[in-house]
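*Asks:* Single-letter residue listing:
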Amino acid sequence: MNANRADASSRDGSRAIAHVAWHSLLWLVVGNSIGVMLAVLLLAPALNRWLGEWTYGRWMIVHMNLALYGWASLPMLAFLFKVYGADRGPAAAWCRPVLWAWSASLAVASLTWLSGESSGKLFLDWSGYARIAFPLAMLALWLLLAASFVRTRKGADHAAWFARGAKLLGLAILLAVPLAIYVASGPNGYPPVNPDTGGPTGASQLESSLFVVAILLMLPFGLTRRKSVRPWAVGASWVVLAAEAVLCIALGRADVSHHRPAQFLGLGSLLIWLPLTPAYYAAFEWRANTRRWRNAFLWWWAALLVSGWILFLPGVLDHFKFTDGLVGHSFTAMAGFLSALLIFVMVQLLGDDGWIFTRTWSFHAWNWSVLAYVVIMMVAGWLEGSEPAFTISLGAARNVLYILRLATGVIMLAASLEWLVDASVLLREREPVPARAAQEKTA
Amino acid sequence: MWTGRLRNSGWQGASLVAITYIYFLIFAQFAFLGRLAALGIAGTNLKAVMAAMAAGGILLSLLTPRISLWSSPLLRLRLGLSMSSAAAFLALLPLSISVAIAVALLIGAGLGLLTVTLVTHLGQWCGEKNQLLKVGLGTGIGYLLCNIPAFFAASPQVQAVAAGLLCLAGIGITPRAIEVKPNSRSTDRPAALPFSFIVACFAALVWLDSAAFFIIQHTASLKAGTWQGTAHLWTNGALHLCAALGSAWLLRRRALSFVLSLAFFVLACACLLLLDPARILPASVLYPIGVSLYSVALVAYPSLISPAASIAQRGRQAGWLYAIAGWVASALGIGMGQNLGHVPPAFVAAAGAIVLLPWLLKICRMRTREIGLVAVVLLAAFLIQRIHVALHAGDPLSQVERGRRVYISEGCIHCHSQYVRPDTKDVLMWGPVESIEDLRRERPPLIGNRRQGPDLAEVGGRRSPLWLKMHFFDPAEVSGASIMPSYAFLFRDGRGNDLVEYLESLRGPGTQQHVTEEEQWRPSAAALAGVDAADGERLFRRDCATCHSSDGHTRAIWQASFKRLPPDLSAGPFFYLPPAEMPELRFERLAQITRFGIPGTDMAGHEYLTGKQTASIALWLLRNMPQAHPSQKQSIP
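Top to bottom, those sequences are chains U and B.
Just so we're aligned: the first sequence equals residues 1 to 443 in this note's numbering.
Just so we're aligned: the second sequence equals residues 1 to 637 in this note's numbering.
Isolated chain B, as found in the complex (with noise of 0.2 Å):
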């Protein structure tokens, strides 16, 4: 009686998805292409190896439900399970490249009729309750421990032993007979779209799949992001286990195209993301949600949710939908990896048209008046716009110009402000002030209403291109606790440098008067009675090290582009301060050096920090610096 219960749990039918996934993921994806790498197998020979797969899979897939040689499912099944067990343990042996292709073929043969038999009967194999929840888990739990670092990192030797042990248990879990019946569905809610319609689809979302996939394994910022480090993988396995749950729950509440529709758009942003590195963590993430979502329908709907009349049409629907969708649209995916090196736009929105189609034909069904006007409104903009960029081509940019455009493209304005209020605390730290006359000129001015970061209106006067483009590149290491995200992205074209020429103009004719009241400055009583030397020394660390120090990132990073290399402030040489036997002169110096940093040089002011907080951090230097140093020059070279 127990055991008749267990058996009707639908482990059985768990277990046998949960070892198809692994070995297709660690043993046919990952293990074998590791030792063809280790056996010199690469190039023109690698294609033809992957190609004998491919054949391989498509060749049974299509062909299993079509011949009637060993037609029982059990034996069908244990055949699959010990060719692909074979497959593997024969990948151990050296293999020269002949018998890399009959091996690569048996790999693809075996998994064809494997997961073409396994899915026409899974409905017997998965019990009689929550069937949709045991392909979910038994997907979820073959991502899993395929993410399991000990496992994914071993060496492919392993991951074959282990991927054909695991055949080998397949064949011991198959259950002893099986009760044929007609044809059994565990849900009540039929797909009704067509199946060549479905095919697309699934085509479409594992040729997303399979390119991104080759673009992470084959890209190494990616892949660092994405699956190294025991982290990383904990994290993909337990989403790749939610998301097959999740999505074995979303197929039993909702239809089959709404988790193909939710799978595509997961996995569109992350191939979206995938164009930028610098946006590898979101799409790290989203990349295995998508993966399950749809890997879950993938053996759920051939199995469970067709509306076939016969074994005999699921087990031909099994077979077209893994031989198109499985092997074709996973070459052509790989392919597109290979040779573009990135999933191009245009293609995520044809695979989205495809996917996302009954959705858009139900809304244009229900909503004609509502997309008429929408794409005529959308449709005229478009003309007059092009016919408006025709009739006002003027005469091209120059840079300052183009670096204006991209202050307003990137909002700039909503951190910066561009005006330094008359007899303000502004004069000092962000002037001179500029007149009502000047800002008129401008079109339109870029006064801004608020400041998240200081006040640009004159920056051309206080910062040397050099030092605004570090500070683009990483805004927080180079001025200490900033909050401004970095910027390179806008080097990767002729933006970055438009923009510090820009920036570099914003200075008005009263520069030099200006830079006169800057040395006129002394900290005030107040500041020297609260000065603290430890607190100096913090700052030091927080806002000057990174250039002052022997050590320092941005002084390493920049060091051939800088007029001339910052000091190492423990050493020396210091051009601009006084002797070391005139202490007075030498800290207010240094604490005007520290706040409005040196006129015509790379070395920038830190305005904003508090008079104490600057005499703090020239006492902290005076008392630290030598005294001397043998190249010590009272002037300038």
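One chain only, chain U, in its complex shape (with noise of 0.2 Å):
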């Protein structure tokens, strides 16, 4: 009898987080049609005239809000419900609902961005109707996870007593996002200045990365075991974040050159992560079919910290700035380490279901076109560092250079149907039987 339960607890979960990969995908292959549509127009901008009023400025809104809080935010979900037991018993019910709310909201925002709303404010762009929709859809999802939490009372020594703890300080933070969202995404309030750039500071950097880092630290205590090898990078790790930290309060909120050595030292301080990352996850057990991801994943984020910190230098980033270089950067950390991430989790989560992901087609034609996509984006941004036209009007090396950034968008686009249509698939294999045969008979 408990075996079955235990059975039926494990395909809740498994079904679950397949919703959640699901969602994922959709947003993700959204998002990707969308960025491929406007990589068409910058070489053939006639083609605007077919948009009427949904212009490429509106479109460019919802591309870069649906890769944000579509595609790398709903597999985050997938660990809370992971972390809070909302996948398991009763409240797996409301799995399905709370991601339904969450899509329907960055639906509805979307049509909201394309009717010219928008708060002005690159990627905290909610604004009017979708400004109380999305943290609403947040709430949802955050009296899921606590109500999961008031369920789940098990386990009295201290390790569970340390766990009840973290969730409990984990709820309270989740509560606070809805409403940073909303407060943030108002007119006052913005980040510290580069005064030479119009960029963010050194500080203001080392601070959201530091956060990145805090939570791949995480992580991996929501997903999986430590083992017995390498203790020490663990302790290490967190003390070593706790003196970043310190470091990042020191370097103040004050808008600052990145030609002060203090900045541009402050921000280097993040490549100790190079070495120590890769030695944190090497101290946890993860799945077999976890290795490709979590490797891609390690590799990308090397590749973010050396390039955003070189990308940072004086003399660098005064010839990169407004070009398309830094949207490779952006590229490198959202197509590249954070969607790796994202993958990784998802995989170690669904278990023997992460088929989906670990196609050798898809992986290589991801991280490959995505790394043309940044050598791409840098040689482009290089050029219009020295000639600030080089992207403004139609030239045959610009437009070269975009006809191959569309092809990489393409083969993007196409990993990511893959990845989608075999969501689709084990959706359908992982829905109970009862509504399977429903809908058969409905058919």
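Don't take every hint at face value.
Part of the chain U face toward chain B, derived, beta carbon under 10 Å [unchecked claim]:
| id | residue |
| --- | --- |
| 1 | N48 |
| 2 | G57 |
| 3 | M60 |
| 4 | M64 |
| 5 | A140 |
| 6 | P187 |
| 7 | R253 |
| 8 | D255 |
| 9 | F322 |
FYI, nobody ran anything at the bench for these hints, they're computed from the structure.
Beta carbons: idealized from backbone N, C-alpha and C, even for Gly.
Reassemble the complex: the two chains are provided individually, in unrelated frames, and hints are given to aid placement.
*Replies:* If you want it as structure tokens, here you go:
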């Protein structure tokens, strides 16, 4: 009887995670399709007249926000479902409704962006109706997690109490997120500005990077167990993070130039994560089928750390600011590092069902296309840095580079489509038997 | 044996479907109306004629399955074709209004009798295999032939004769005998949906189609983008044929509701795109696809898919379907097009609610929790938003503030930065530099992170309102190889002028100092070393001729709006240049003007050109401008 219950619980969990994967991939495919359309428009501006009022600028908002709040955010829901046990037991029935609420708010937000609603803040583009609907969808997630937390009270040892304390702290932080999104999207408040470029300062980049590092360090605890090897790496990593947090506070939040040594040296402190992150992840047990994407995310992380620091150096940033070079760098972060990390997390959570992400063709297609994209954009950025009109008006060299970029975008779209199709197959396989029978009968 | 096999191939059924569609599309919808227009029948008289056609159609659609007179299907089919043919030939005569009404009645009655009889027994004329495909083929070929340019553009008389002859040919190809079976159905997947619902779905689709058709037909710009020109017509024909075959395939593979939903989705997109004439191209692609998708189903449902228990029931269903969905909904659609001139989005939504009802019900039944939570979240957001708006209703915005909103709404930030980096090339191109304190006063600052176009932090000092407006209308024309899309739509209401006002406000206190720095600029030695007059001419044609040649496009369109008409550089006058006797000074000034424009005028700079390109233009101008001009003055009037 217990075995049956465990099987049912495992099926529930697998189904909830599979649903998350499907929703994430849906937004990835939609976002990629828009990206390809935008790349075509840059090559053939005459096509803009097809779009009427839904112009390039409005689609850019949709493209960026779907990538960030759809593809890049939804997999973290799978992680939270798992950590708080929402994917098992009675709460599991509410995982899909929460996903629907999230996706519905994104769909409605997309319509509002296309209708001309925008906050004017990059990556915090929540305005009007969507500025309320999206935080409410996040609140629905929080309620599910809180209910699951209250329901699961087991274990009385120190480890269990520590885990419950950490989860409670997590709930408190998560509760603040919807409000933070709402407030930060408002017109008031703007992060420190580097007066020489108009971009972020070294300190503010260090701050946001440390949030990413904190998430990276936290993830394994919700995904797997520690191994007995390399225990030093775990402790050392947390100590380094704390030290860097102190450094970040010491650097302050003033509008300071990247020419100040304290700024680029402070940001350079992130390079310590080049050896530390792989060592940290090696201290945990991972499923065998995660190896490919785990390695990919660690390579992209290393590339991001190094290129991010080099691009911030005096002289280099002055050359690349406002150019395609920095678009390439953002792509390293989003399509390279973050995508590989998210897929790695989903494969770990899906277990044997992780096959949807581990096909050789799509793995190589995605990663090599991202790399090619980054290289192309760096070349374009270099040329643009020397001659600002390089991308402003149509020209042969610019067009060749943009055609190559379009080709990489199409390949990435094809890879993401394959994942989405496989996720749909998986979902169908994971559908409870009575529901499937009912569907077939209706058909 | 061979003739038996040919008879069983179903070509007769496909041909009859094609003939019926051609007659309806090219004669009843086009040629007859053309004849009426030529005869001067318009206004109320035209409405009376069209009402007679609809009345004849409705009457015979409903009566055909109910009366027992001449009950042989073959006889009825031939009678329907004969009536239709006769009506087509009668339309060639000089009709008075009363005769036109009688002919219209005959057209409607003939079509009513023909269509209901044809679909009631079509299963027996479509061969034994792939009956749906025959229906798709017949429909697709019918539409394709109507779109053959020579046929489509022929005179109404020629079209009427062709339609009449086709009907006579139809009589010739009808089988000599018919084997009356109790019932036959080609699909093993009967439609489980109620008949009344099917009628409502088709009515919604026909309504959308007719409204869109009328709007396109009576709007010159839309018509030009859809039905005029050989390429358009061949494309339409090909789309119709492909969509018709696709519809048949989908009807075989998927349920009827899937095809109707797909047809709705495509037609709805076309109707919504038609709201904006700028989007006629995608609308012209979607419209024929949507029409053919449902047109095949409109024939296939009563003839092959309907789970009718008897021939009589099949006939009655066909009668109701064509009377309500075919004639009534079509008239209502035309009325909508006539009175509103567009298909309201709310109507599209209502039509969608009908056609998509099975899917919506299924989702509601299977996903109660999901829909409930989504509804709660979206509804709560709606209420909170309303309260928020009510509580924070402030003073009305100034024009500059409204323009800033437009700048944000249009996502300008994704291509244009507003930050001039100190001590870089930015300063001379797009300066002067703004202080961080000034920047932080903006709510929010619009620095941006990418330049696909120039920096706009100080654009008000570089561009006149007229130049900005001209550029928004047609960026590629005004700004050479600009990749920016047109924003002419912003000027349909006040948004465009608001945006121009906002951009004009973007200028800091350092503008005058910056102008001085621009005047000190000279092409570098490297630029002068590579100067090329031929390239200068090419660049002049691309970037300058639109305003500075006598036949320039921008000059012609906006000539009444310029503060002073831009000089034709092949003639003059040249108010801002040193005398021709000082060629070196003249060259430098030409280069400065080319690069930075003339402050306080509509002449904008071309800051994005390289020094070499600027010098090349200046050199070419210097060599080709007249050395003196009768009206040349050294001082600016």
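*Asks:* Next step is simple, just say for each hint if it's right about the structure.
*Replies:* Here's how the hints hold up against the structure:
no. : hint : result
1   : N48  : holds (3 Å)
2   : G57  : holds (3 Å)
3   : M60  : holds (4 Å)
4   : M64  : holds (8 Å)
5   : A140 : holds (6 Å)
6   : P187 : holds (4 Å)
7   : R253 : violated (13 Å)
8   : D255 : holds (5 Å)
9   : F322 : holds (4 Å)
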